[in-house]
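A.B. asks: Here's the letter readout for the chains.
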Amino acid sequence: MHVTIAYVVGALLFGLGVYGVVRRRNAILVLMAVELMLNAVNLILVTADVSLRSALSGVPGEAWATPNSQAGSGGVFALFVIVLAAAEVGVGLAIVLQYYRMRKAVAIDEVPLAAGEERVDG
Amino acid sequence: MTVADVLLLALGAVAVGAGALVVTSTHLVRSGLHLVVSLGAIAGLYLVLGAELVAWVQILVYVGAVVVLLLFAVMLTRAPIGPSPGLDRPAGPSALIGAGVGLGLAALFADAFRWIEYPRREPGTAERVGTEIFGTWVLPFEVLSILLLSALVGAIVLSRPDIGARPAPPAEPQQPDEPGEPGDEGREEQVPA
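Those protein sequences? They're chains E and B, same order as listed.
Reading the first sequence from the start, the letters are residues 1 to 122 in full-length UniProt numbering.
Reading the second sequence from the start, the letters are residues 1 to 193 in full-length UniProt numbering.
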């Protein structure tokens, strides 16, 4: 199995997520692009779980880093990141909905950054 | 090229293509549905890479919960069904930044992990991942549960309707038009002195 395919897919997905975050104006679409970036990082973590351990199989691991030297931890980190993403989406959507309730808009470049400032640009 | 390589290539192409549609589509709802396709393809990639439990958790949490939540928010903010204009900023700088990050990282990874055949692992079943979590990573697991609880409480507090509401306008003394109307406490306070 050539793991470089998975690595390149993860890198391209991360680039797409960065593109979406920079380009989109709708806050929910920005959150979707953030999800894409988190998934790219998860994919890279899982792939590193596959490849790095087998590449380092002859190296004695430090006991503090991998006390359980059999299994790789990339999958566990990916699970943690999934949970973090769920929490992030919950709070982020609460913020977006609250903002929509206040302003009737979800365009993130119209958010007033200071008190009394109505529009940032335009 | 083994079967695993072909599967990786196909699922990766699906994931990247659907991801590109997520960030370029002008339909909000379609964007969310493309996100489902992309995340499903990534779950397939996890299966090919041997992380079984992560794949099923991905399908449960992302495809089942997060995307539904995002689509809920799309509906709740009254997004139009058709294509909506004014969704994007100018494409030039963002395409430059995105392509730079993506292609740069891809070149870095392709250089670091060359075209070397890696042995496939045995699938990461729930038993192994559970041993790993509750053996090595117990403390982060517990911290994560606290974080989930606080995020939940934070989301509830944030979505209370009285946050950010404009302060009620000062009660202007208005003439009680129906003087004999009972049971309206707000009206009783506004009787002009």
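The hints are simulated quantities; they were obtained by calculation from the structure and are not laboratory data.
Where hints are given, some of them may not hold.
As the list claims (entries may be wrong) - Here are some, though not all, of the chain E residues that point toward chain B, as calculated from beta-carbon distances under 8 Å:
{"id": "1", "residue": "Leu12"}
{"id": "2", "residue": "Val41"}
{"id": "3", "residue": "Ala86"}
As the list claims (entries may be wrong) - Covered by chain B, according to a simulated footprint, are these stretches of chain E (three or more residues, beta-carbon under 8 Å):
{"id": "4", "segment": "4-10"}
{"id": "5", "segment": "24-37"}
{"id": "6", "segment": "45-52"}
{"id": "7", "segment": "87-98"}
{"id": "8", "segment": "108-114"}
C-beta: ideal position from N, C-alpha, C; glycine also.
A.B. asks: Evaluate each hint against the coordinates.
C.D. replies: Hint-by-hint comparison with the structure:
1. Leu12: This hint holds: E/Leu12 lies near chain B, its Cβ roughly 5 Å from the closest one there, short of 8 Å.
2. Val41: violated, 11 Å
3. Ala86: holds, 6 Å
4. 4-10: Since three or more residues must qualify, the claim that chain B covers the segment 4-10 of chain E holds, with 7 doing so at under 8 Å.
5. 24-37: holds (count 10)
6. 45-52: It holds, with 5 qualifying residues against the three required.
7. 87-98: holds (count 11)
8. 108-114: Check failed, 1 qualifying residues.
In terms of the numbered hints stated before, the structure departs from hints 2, 8, listed from lowest to highest.
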